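Here the protein sequences come in this chain order: W and D. The numbering used here numbers the first residue of the first sequence as 19 and each following residue consecutively. The numbering used here numbers the first residue of the second sequence as 215 and each following residue consecutively.
I should point out that these hints are in silico values taken from the structure, not numbers from a laboratory. Here the structure is a predicted model, which means the values were calculated and not measured. Don't take every hint at face value.
Here are the simulated BS3-like cross-link-like pairs (lysine-lysine), alpha carbons at most 30 Å apart as the crow flies [claimed, not checked]:
#, chain 1, residue 1, chain 2, residue 2
1, D, Lys274, W, Lys61
2, D, Lys307, W, Lys217
3, W, Lys44, D, Lys242
4, W, Lys403, D, Lys307
5, W, Lys217, D, Lys247
6, W, Lys106, W, Lys44
7, W, Lys49, D, Lys236
8, D, Lys274, D, Lys252
9, D, Lys295, W, Lys44
10, W, Lys108, D, Lys247
11, W, Lys480, D, Lys307
12, D, Lys252, W, Lys50
13, W, Lys290, W, Lys382
14, W, Lys115, D, Lys295
15, W, Lys115, D, Lys414
16, W, Lys44, D, Lys247
17, D, Lys236, W, Lys314
18, W, Lys569, W, Lys468
19, D, Lys295, W, Lys50
20, D, Lys242, W, Lys61
21, D, Lys274, W, Lys217
22, W, Lys61, D, Lys344
23, W, Lys49, D, Lys307
24, W, Lys40, D, Lys401
25, W, Lys44, D, Lys307
26, W, Lys480, W, Lys217
27, D, Lys307, W, Lys311
28, W, Lys319, D, Lys307
29, W, Lys314, D, Lys307
30, D, Lys355, D, Lys236
Calculated from the model, a selection of chain W residues having no Cβ within reach of chain D, i.e. all distances over 10 Å [as the list claims (entries may be wrong)]:
#, residue
31, Ser68
32, Arg208
33, Lys382
34, Phe477
35, Tyr592
36, Lys596
Note that the Cβ used here is the ideal one computed from N, Cα and C, for glycine as well.
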Amino acid sequence: MKIIFTSFIIFIITSSAIAQTKISGKITDEKKQPLPGANIYIKNSYDGVSSEVNGNFSFTTDEKGDAVLAVSFVGYQTYTQNLILDGKDKYLEIILKEESTELGTVFISAGSFEASDENKAVILRPLDILTTGADADIYSTLETLPGTQQIGETEGLFVRGGSASETKTIIDEMAVQNPFYSSVPDIPSRGRFSPMLFKGTVFSTGGYSAQYGQALSSVLVLKTQDLPAKTQSAISIMPLGLGGSHTQLWDNSSFSFEGGYYNLGPYFQVQKQRTDWDKAPESFEGSLNFRQKTSKTGMLKVFTSFSTGSLSLYMPNLDSLPRKDFFHQKSNNLFVNTNYHDILWDDWTLFAGYSVGVDNENDKINTDTANKDDIFHTGKLTITKNIFSNTFLTFGGEVQNLDHKSSYNELSGKFNETYLAGYLEADIFFTNDFAGRIGARTENSKLLNKTNIAPRLSFAYKLGTYDQLNFAYGKFYQTPDPDFLLYSKNFQFENADHFIFNYQYIGTDRTFRIEVYYKNYNNLAKGTVYTYPYFNLPVIPFGSDGKGYAKGIDIFWRDQATFDNTDYWISYSYLDTKRDYKNYPTLAAPPFSTPHTFSIVAKHWVQSITTLFGLTYTFATGRPYFNPNNPEFLGDRAKNYQNLSLNASHLLSVFGNFTVIFFSIDNVLGYENVYGYNYSTNGKLSAPILPPAVRTYFIGMFISLGETNPY
Amino acid sequence: MKLVISLFCVLLFTGNSFSQDKYESGMKTNLAKMEECKTANDYLKVANGFERIAAAEKDKWLPYYYSALNCVLASYSDSSKTAKDIYLNKADKFINTADSLVPDNSEIYTLKGMIAQSRMQVDPMNRWQKYGAQATNNFTKAVQSDSLNPRPEYLMGVGLFYTPEQFGGGPKAAKLILEKSLAKFEKFVPENDLMPHWGKEQVEQYLKQIAEKK
Chain W
19 MKIIFTSFII
29 FIITSSAIAQ
39 TKISGKITDE
49 KKQPLPGANI
59 YIKNSYDGVS
69 SEVNGNFSFT
79 TDEKGDAVLA
89 VSFVGYQTYT
99 QNLILDGKDK
109 YLEIILKEES
119 TELGTVFISA
129 GSFEASDENK
139 AVILRPLDIL
149 TTGADADIYS
159 TLETLPGTQQ
169 IGETEGLFVR
179 GGSASETKTI
189 IDEMAVQNPF
199 YSSVPDIPSR
209 GRFSPMLFKG
219 TVFSTGGYSA
229 QYGQALSSVL
239 VLKTQDLPAK
249 TQSAISIMPL
259 GLGGSHTQLW
269 DNSSFSFEGG
279 YYNLGPYFQV
289 QKQRTDWDKA
299 PESFEGSLNF
309 RQKTSKTGML
319 KVFTSFSTGS
329 LSLYMPNLDS
339 LPRKDFFHQK
349 SNNLFVNTNY
359 HDILWDDWTL
369 FAGYSVGVDN
379 ENDKINTDTA
389 NKDDIFHTGK
399 LTITKNIFSN
409 TFLTFGGEVQ
419 NLDHKSSYNE
429 LSGKFNETYL
439 AGYLEADIFF
449 TNDFAGRIGA
459 RTENSKLLNK
469 TNIAPRLSFA
479 YKLGTYDQLN
489 FAYGKFYQTP
499 DPDFLLYSKN
509 FQFENADHFI
519 FNYQYIGTDR
529 TFRIEVYYKN
539 YNNLAKGTVY
549 TYPYFNLPVI
559 PFGSDGKGYA
569 KGIDIFWRDQ
579 ATFDNTDYWI
589 SYSYLDTKRD
599 YKNYPTLAAP
609 PFSTPHTFSI
619 VAKHWVQSIT
629 TLFGLTYTFA
639 TGRPYFNPNN
649 PEFLGDRAKN
659 YQNLSLNASH
669 LLSVFGNFTV
679 IFFSIDNVLG
689 YENVYGYNYS
699 TNGKLSAPIL
709 PPAVRTYFIG
719 MFISLGETNP
729 Y
Chain D
215 MKLVISLFCV
225 LLFTGNSFSQ
235 DKYESGMKTN
245 LAKMEECKTA
255 NDYLKVANGF
265 ERIAAAEKDK
275 WLPYYYSALN
285 CVLASYSDSS
295 KTAKDIYLNK
305 ADKFINTADS
315 LVPDNSEIYT
325 LKGMIAQSRM
335 QVDPMNRWQK
345 YGAQATNNFT
355 KAVQSDSLNP
365 RPEYLMGVGL
375 FYTPEQFGGG
385 PKAAKLILEK
395 SLAKFEKFVP
405 ENDLMPHWGK
415 EQVEQYLKQI
425 AEKK
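Only chain D is shown next, with the shape it has when bound in the complex:
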């Protein structure tokens, strides 16, 4: 009897370990954890969770994508410039793997632009020339590849929000593009629950902030 049960267990687990269900539930668990994150370390743990899935599901791009995204979010939450760059190095590695799996993907371009934007923020004076252009190039490609994706415009808007008016930025310029992004968010329906769908609340928050400034 014991043997039968353990055999059953073995069958059950091996059978299950590569199933779509396990992938989906693993992804959903981590996506749920992502919502709870507060510190850089929290984001790093979630990035680690996605990395574990990525290591087992080598042909799927989403685990790599989310791992990279969480590294970027971790970089936002850490105050050390050195640490920020180290997180972004890791994000680069994951997003490049995702890119090699599904070339010309709007979400991947968006995240690449987001990484460049974050690199620039570490040391704007010295880095805007290189990473500013890199961010713009990627956001432009993201829009070209999928004109319905609201995220590239959200990030462009955030970039403009923090750019001084003298360089063509400021809340006014940001508002136009953030509104465009919001209009796209209203219509945006992700293919499934696992596909990227973040950003709407943040756009609304920025627009609220701009409205309050006036």
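Isolated chain W, as found in the complex:
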């Protein structure tokens, strides 16, 4: 019996010794940090275990012979290894590699602010653009970010010492010639595109990719929405006008239209304006959007927007007071963008697009007539291919044609410019912590009969899980403004070199970013097109010997965690810039620049009354203005600028429909801002350039029809 028992034990021990293999070891990441919770198993068996807190694991398997050991863990690439299971203990030290698509991987970001709802590290969300500032305008939200200047008297983004024309707006990869409504001297106009149209925004304040050109300072890259989430209608009611929209969603396609009528007349009756309006701005606008999913990965988008508006007013004429000049303006804009993208043959990403913009503006100043007509065509083709496991190659080409006509009474001028560009760029992930983007762009202008080559470089090095260092260098070219091209073709491309160095920390609820830059301008167009407002300056011949520089520091801090239900961000920009361009007699700080700009945006959500309160405060030192009596050119400074604006969005249900009531007051404290001064021709009289009203009020109600119950 004893013998049988012993032999039985022997049998068990020996048989299990042969049948079972013990596998143990440790799972770590590339920095030798233990990974708890990784799944270690023998493929095609049930045998396996999860790693412990210290990364250790141990299990036995009854499998035999050739086997495959797999290790999987969220956020890491699955690891496999061939093993021979022969009953001998195995000890394995396994290092898992991070999946490069996950959070915490290095990404190229020098110079840019991104707003996206993808699950990745970005500085802003699309909603931030809707809930910041007083007027839900993309451009006014971006003016709360560092690197931009507070320019109250005209529209456009003035980035790091650059003029408004040095910033290009790009919608679905296609440049937009004129993203703003036509404007009146000393009164800014709004952006023409509603922030609701876009799912992603990248605002680059310098050092941007070789895929974009014709912008010396900055690009604003907007991506339109894909298929909408659902069928819905909405209406908006404001004292300023009425708007409505409808979106219809089918399985693989959608169509939406949006339209509105706006008239500022009734509002101006209530809220006294400094501007002497004859006929307050009135406009009709609309947009059509079509989406078709062409395959699992393919999408065709057609986006059309159109608007027509008119206004008239009396402007003081400092040369013959109390006479006023009558100014009347009519404008029409049309923009059509058709684009298609798909992934072909596994890893070829193709983008093809065509867009056309038609803008015309008709002005009457007393008895004089001025017309401006632009037709702008763009075609673009971009291909991205994954060439090695860590390298993405992007290449493509762009053709633009601008037909520009301009007339003043009997005088008229026109030109037709064809611009060709090709670009090649490689995104290389040298390691998970170090990435580079190396590219170049070549451009040809038919009108200037010149060709250029623009190198672009950007590197990013990850320091920790949330922070990284970035560096960018690039050369950027731009054809001189149409105003110059009407008079002369003998120009070089204007150009700028950017050097950018940045540190950024993007945690889940806190973001910090500091960026130092130097920008060097060359070949800026010179020449006297208009004498206004620099009356007594010598006339300068046309040429390309303008130059300038800009250097500074941009700081951004955002915190969503410290205070309950409160999100705030603070921006500070220091700017030192001088330029000699247009009809400047010397190098000078331009009127669209100031050394210090500070802004704070805060939002607080009160659940009990379902209301989001917002506050924006901006301070900027005074900007230079031209005083013909001062021998120093642009030697005068306006007073400091300050603005505190408040807004509130109250969410409620009206007859079962989801509704937002929005209210805002701009310049609550009634601070008397002065943007600069206009002078009479003899320099004896001056008048301050002031906002159209001390305060601006806005109230509106937006109703989403049928969106009663989210479930």
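Given chain W's structure and the hints, the job is docking chain D onto it.
For chain D alone, kept in the frame of chain W given last:
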């Protein structure tokens, strides 16, 4: 003799390793462990257990389904927003594999809706528009595909419970749909022990909570 026994062992194990018994017992072990889970790490371990079965039984959808479900439950138990998204990414991967094995399945639609709902909860202000609609679409499809499944209505009810009244939510609205779900739970008989049958106690708990609030 030793040889005979080891041969026997080899035969036994190879014969057994792909048998239905092993599948069922493996699934049941993990389902039992799931009941004991408290922390995100516990759920992750169970998700790992189901993943191991899924890797061996590639044509069965339930291991993928439960692996995804445990990843979602792990995301509930972890406080870090980043970690929540990472768990949900993994859940997405598993549920999509399950979906490709058995298309148009009510339970899979339900879990897809649950994933969207969890994504929304990570950052409601920014995500409700996209993921709210995604959750609704999936729950609607789940009910269409199997009107007897009580789980989509349970999750819709929970969604409403946490939605402010101004948006058509609140306990009152939640109560109606949770009662509907409970009525379905009373009649619900799973095809077998392995099929999804969770949710009844939770519905009862929510209804109790609503009753206490009044």
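Holds or violated: D:Lys252 and W:Lys50, Cα atoms, limit 30 Å. holds (28 Å)
Straight-line Cα separation of D:Lys295 and W:Lys50 no greater than 30 Å? Given pair D:Lys295, W:Lys50 holds - Cα atoms ~24 Å apart, limit 30 Å.
Holds or violated: D:Lys242 to W:Lys61, with C-alpha atoms at most 30 Å apart: Cα-Cα ~20 Å, so holds.
Pair hint outcome, D:Lys307 versus W:Lys217 [Cα-Cα no greater than 30 Å]: The hint holds at about 24 Å.
Between W:Lys40 and D:Lys401, is the straight-line Cα distance small enough, at 30 Å or below? Violated, because 47 Å separates the two Cα atoms, which is more than 30 Å.
No chain D beta carbon within 10 Å of W:Tyr592's: Since the minimum Cβ distance to chain D is about 31 Å, W:Tyr592 lies beyond 10 Å and the statement holds.
What's the verdict on W:Lys44 and D:Lys247, does the C-alpha distance respect the 30 Å limit or exceed it? holds (24 Å)
Given hint D:Lys247 paired with W:Lys108 - CA-CA distance at most 30 Å: Holds. W:Lys108 to D:Lys247 sits at ~28 Å (cutoff 30 Å).
W:Ser68 remote from chain D - nearest C-beta pair above 10 Å: Violated, since 4 Å does not exceed 10 Å.
Straight-line alpha-carbon gap D:Lys274 to W:Lys217, limit 30 Å: Violated, at about 38 Å.
Hint consistency between W:Lys44 and D:Lys307 [alpha-carbon to alpha-carbon, up to 30 Å]: holds (26 Å)
Against the 30 Å threshold, does the CA-CA distance of W:Lys115 and D:Lys414 hold or violate the hint? violated (41 Å)
Hints 5, 7, 15, 17, 21, 22, 24, 30, 31 from the earlier list are contradicted by this structure; the remaining hints agree with it.
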